[in-house]
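Chains as they are written, first to last, in our numbering: chain A, 1 to 361; chain B, 1 to 361; chain C, 1 to 361; chain D, 1 to 361.
Worth flagging that the hints you see were computed from the coordinates, not collected in a lab.
Some clues are possibly wrong.
Same chains, same label: a pair holds when it works inside one copy or across any pair of copies.
Said to hold, decoys possible - Below, a list of computed lysine to any residue pairs in the SDA-like style, where the Cα atoms sit at most 20 Å apart:
#	residue 1	residue 2
1	101	273
2	101	73
3	143	280
4	101	269
5	60	204
6	143	360
7	326	263
8	146	117
9	101	271
10	54	189
11	143	202
12	101	218
13	101	322
14	101	267
15	54	321
16	146	292
There are 4 protein chains.
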Amino acid sequence: MAGNTFGTLFRITTAGESHGPGNVVVIDGVPPGLELSVDDLRPDLERRRPGQSKVTTQRKEADEPEILSGVFEGRTTGTSIAILIRNEDQRSKDYSDIRDKYRPGHADYTFDAKYGFRDYRGGGRSSARETNVRVAAGAVAKKLLKTWHGVSVVAYVKQIGNLAADVPNPEQVTLEQVESNIVRCPDAKMAEQMVALIEQMRNEMDSVGGVAEVVATGVPPGWGEPVFDKLKADLGKAMFTLPAVMGVEYGAGFGVATARGSQNNDLFTTLDGRITTRSNRHGGMLGGISSGLPIVIRCAIKPTSSIPQDQETVTSSGAPTTISTKGRHDPCLLPRFVPMGEAMMAIVLADHCLRQRATRL
Amino acid sequence: MAGNTFGTLFRITTAGESHGPGNVVVIDGVPPGLELSVDDLRPDLERRRPGQSKVTTQRKEADEPEILSGVFEGRTTGTSIAILIRNEDQRSKDYSDIRDKYRPGHADYTFDAKYGFRDYRGGGRSSARETNVRVAAGAVAKKLLKTWHGVSVVAYVKQIGNLAADVPNPEQVTLEQVESNIVRCPDAKMAEQMVALIEQMRNEMDSVGGVAEVVATGVPPGWGEPVFDKLKADLGKAMFTLPAVMGVEYGAGFGVATARGSQNNDLFTTLDGRITTRSNRHGGMLGGISSGLPIVIRCAIKPTSSIPQDQETVTSSGAPTTISTKGRHDPCLLPRFVPMGEAMMAIVLADHCLRQRATRL
Amino acid sequence: MAGNTFGTLFRITTAGESHGPGNVVVIDGVPPGLELSVDDLRPDLERRRPGQSKVTTQRKEADEPEILSGVFEGRTTGTSIAILIRNEDQRSKDYSDIRDKYRPGHADYTFDAKYGFRDYRGGGRSSARETNVRVAAGAVAKKLLKTWHGVSVVAYVKQIGNLAADVPNPEQVTLEQVESNIVRCPDAKMAEQMVALIEQMRNEMDSVGGVAEVVATGVPPGWGEPVFDKLKADLGKAMFTLPAVMGVEYGAGFGVATARGSQNNDLFTTLDGRITTRSNRHGGMLGGISSGLPIVIRCAIKPTSSIPQDQETVTSSGAPTTISTKGRHDPCLLPRFVPMGEAMMAIVLADHCLRQRATRL
Amino acid sequence: MAGNTFGTLFRITTAGESHGPGNVVVIDGVPPGLELSVDDLRPDLERRRPGQSKVTTQRKEADEPEILSGVFEGRTTGTSIAILIRNEDQRSKDYSDIRDKYRPGHADYTFDAKYGFRDYRGGGRSSARETNVRVAAGAVAKKLLKTWHGVSVVAYVKQIGNLAADVPNPEQVTLEQVESNIVRCPDAKMAEQMVALIEQMRNEMDSVGGVAEVVATGVPPGWGEPVFDKLKADLGKAMFTLPAVMGVEYGAGFGVATARGSQNNDLFTTLDGRITTRSNRHGGMLGGISSGLPIVIRCAIKPTSSIPQDQETVTSSGAPTTISTKGRHDPCLLPRFVPMGEAMMAIVLADHCLRQRATRL
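Here chain A stands alone, though its shape is the one from the complex:
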């Protein structure tokens, strides 16, 4: 199994490369009767789309989805939903010089090691282009979560370089706040500085990393399984499947290393007759199972590997050379990561939503 399927009940299977005809996702496990059309998919695809603003790559892709199956008269049928997004902007000339050179930070070398050869037109299957159909599937998952349980999933940029946003209440961040600026940071002041930093990176022919925060509100207590399919484990995996993610933490995250138990434990209390905790250092999951508190996850995203300056590398036969990535790339991956992070969290939550339903009367 070559790893193109994700999920147990709400399950997606994808195919496609950056410079092939297109990408496709088959979504299995969508319940019948959910209203769905391409209009549900377009907003998040638009947020992920290259060329959307001055802080992203200027490459153009319409990313127009076609629903091939599983929807009849505007409603899901309960059978598998296939969504196709064709590639448009296939300038393979841009990539001809990377045929024999290994781009630093990319999967060129590891793909050659794994398969014996590779599709050298851009990243092929390793390109982030494949995430467009994940975002489409995520939109379906969001619709299910919202319709059945009122669950919302919102992500935003928390940090770029040394610029860290102040977001005191992650669970109160709205989609509107996130979309109010082109870096997708709910701290408007910091957002301006982030835009400036990204433009500086482009001017300096460099790139910069950052941290995104992904938050789900409204998840009822009880989702997630003990032991291997803990919600934190499935969410952790989901985030690490996204390109450039180098670290994932939830709740207090790496901050727990220096904490004491007496400080770190969130104390149980009641609110409006429901059991809850006074703080949320546990990030909404205890024993890997949702507690009813907001689920809060952070992802560390590396600076774009493709930079338009000369870098030392080797050819596939090991000869020293240099490479300068000529393509049009994002100087910072964070703004376009936001819808991807949301999509993967929504897909995991939809899966565990269905799993929990299966065994409770």
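Starting from the known structure of chain A, fit chains B, C and D onto it as the hints suggest.
Quick look at chains B, C and D alone, frame taken from chain A:
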């Protein structure tokens, strides 16, 4: 599927609770002909065992494994291997007062929310006791990796509280160095301070968190799958399945947030005729596929939730109360985490080892 | 994945050999709150047990189950249930001469071809001994089906050699009727002849095949999935996983080959206000989904391969030789197949019961 | 999981309905470096295509495949392969009157029971139209099997109604023989009578069932897993996933019911230095593992449910009515079943080929 299975080809399925008859693992996918006996399992079980030193819980468990199947005349047969570890120290009296109170930081509340009731004798299925059979399975995975590919997996304590060890070359840390002190930190000086800090925690009826580092050397380039079963994703999930893990990062980890692409990219070069990189900020994985460099992962582990001081909480009916955990618990989870982290990494690597074999001539 | 797991949501994983310490099953996906004890497992285990009557093998096995996990205070907890059945009658001497000879009809040769060597003490993993834990898991599935939906699963012997029972209404056969004679045939007159035929086979040092029918009543319409996990496909696979099954058919089965559409179609009608069909040539499944009519499946079971007369064969090095199976074997597998067939059908139905629950509000 | 995925390592996931935009398959697990183009897919698609001859439906579908991913410069890349076949002949008017009536023998009623509503334009997801992408995937599997192991898979019509072909040596039947007549029966004389019978059925506005035989030659000993993923079990399931299959048997099949062990056992011998059996009543599988002998499976296929004569039925609200299927349907499903049966067998064998590779040095 209630999440008691992990892996695709090298696959483990577990069952068992902290206070039931015992824990069992079924390991599917072990190749035939591998020499194996309980002697291969005992060393890591001993490292995970409660009561092993003064810095761990004083609870006693022999953790003696019995191989129920899959081994004949000292060799694996290629069929499923079952390993049973019976529980011995079942003092259920210790836990009688937590029947109706939710322990802060534990899964008591989320289990009740999920299942409607729970095994209240300790953590039941949510207890870290279940990890003993994972460690046994990890020993089998280690044997496979070592025998077939010379791969080694070694973990150690990197940080406890504010005490951070100096480990300049993770790939050179040996099992002997790790086992040379009871906190399992290869920085001997820092290890002494760590021991003192843990004893202080016990005296103060508190607990402390930390960071563990898990390293695999000898992994050939080409393991891992693109998209969903990236090696980083499966390893990330594996670590998050372990109790108390709140964050996972690999290579430069969260440090990438403040890095620039020109600094962060590891440049390709050759060494002894093989392609490699000059640095290892990528933690041995590019595009989710092993690069041949050491795989380096760090896990943030929270301070033990069970502390012997009064904490506010509620009963299952929401009434305010206090609880003080009377059981014998680790003041710091790090020393016993080490074999667990190794086991989960070995299980993931063994899985991807087999997966890579399946499709290459 | 070495094929020791079966099912999607109600999922069993097994391990064990005929002459090892024992067999174990881990059942994943059992809902919480179901009353369960070993007393629920014993009746079917007793029906499968060797040495139960004069028409079965005289080998003795107590087949006493131990529930290792997943049950607390008499109820399932929702976590994985492990059941262990230790082997008792391990007369390995009986099998010493088959170490190098391939028994006709057995898996000795194919195991050697697959694994390079084999556990030569009896069939090892290929022995029908492994089915004891399947029967235990089946008893859990039956309990779930009966408790939640009133579904019953009953199997019986339909034919042995040329002796075919007359069972006009499969859905009306009761467990009591089946258990009223030692061959488990609800046609009492034919049962007597079947007993005589089996005894004749034993006297003639030979064996005989037959057909078993497995029937589920009370299954609501709507279980099963389109395309690959059709109920007929999962039931078909389930039956073929059982040793000695050479053919599976449902409803009109192979009889459809000579039928015309105008005869074969079951016409829809209503009964007591519910939609049903006038006949049940479709065996309770249309498009692979349950129709609400009884599910009726038949399995063809080959005559026992082990017979106590000389048969030509070869050694593992290809030298001609003869072999006569000295062990104590069933002259006819049918009577003991009955609980196995029920178990596998119940496991499939429990799985699809949970799967259907997951996606319907 | 709604059952749209099949296989473990060589794994297909499909989507699509009879009257939607098209059908798509994602094939996961195809090794890298295999030569592949649409020309490899077309021959089998042509054999499955409606409208191919006078004995099939006269409905027209070009069934032109498009490879969307996973192939680069004429070779498979090792990543997932997506194949899209668009629907052309969508005369939804033909089906408007079946919106509220349940067609006998079809899944209309069971889909309504399962999902609450259905795509009433033909069978939707339950239509055999979905098999076109399975046949495309099967062509990929065949290519892998032939290239790596010289395995061939050939199916043919064995019986239609009472007309049973004489095929003394299943393993010697060639594709050319099968394709030499429009019913795909290698017994040329019987083929003529079969054509006449089918034409008679069309004239009588009726349909007829039959038996197909599917044969694989060249499969090495050792494929298949003990217990649940026996080759016979996976092949059995594969066949039962195909529409209209009511029974599956291998080797001596249901004939074993009346056989004695002394007759039924295939005796081991050697041929050209290799171990084999003198006869093949075991159909090429012992203990569920391939023996090296030809794998021989038979499928019973019911007469087409859609017949152009009035049949009694009910509406979705239970009111009595009659229905006569006006569409253009096959009077006999057998000729077009042949490539479907081959495809599913090839997919199972490719899967077990990869699985066996994973764990043997």
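Now the hints, each set against the structure:
no.	hint	verdict
1	101 x 273	between (63 Å within a copy, 16 Å between copies)
2	101 x 73	between (50 Å within a copy, 19 Å between copies)
3	143 x 280	neither (26 Å within a copy, 40 Å between copies)
4	101 x 269	between (59 Å within a copy, 11 Å between copies)
5	60 x 204	neither (23 Å within a copy, 60 Å between copies)
6	143 x 360	between (22 Å within a copy, 16 Å between copies)
7	326 x 263	between (50 Å within a copy, 19 Å between copies)
8	146 x 117	neither (44 Å within a copy, 22 Å between copies)
9	101 x 271	between (60 Å within a copy, 17 Å between copies)
10	54 x 189	within (18 Å within a copy, 52 Å between copies)
11	143 x 202	neither (36 Å within a copy, 48 Å between copies)
12	101 x 218	neither (48 Å within a copy, 25 Å between copies)
13	101 x 322	within (8 Å within a copy, 64 Å between copies)
14	101 x 267	between (55 Å within a copy, 12 Å between copies)
15	54 x 321	neither (32 Å within a copy, 56 Å between copies)
16	146 x 292	within (15 Å within a copy, 33 Å between copies)
Checked against the numbered hints above, the structure violates hints 3, 5, 8, 11, 12 and 15; every other hint is satisfied.
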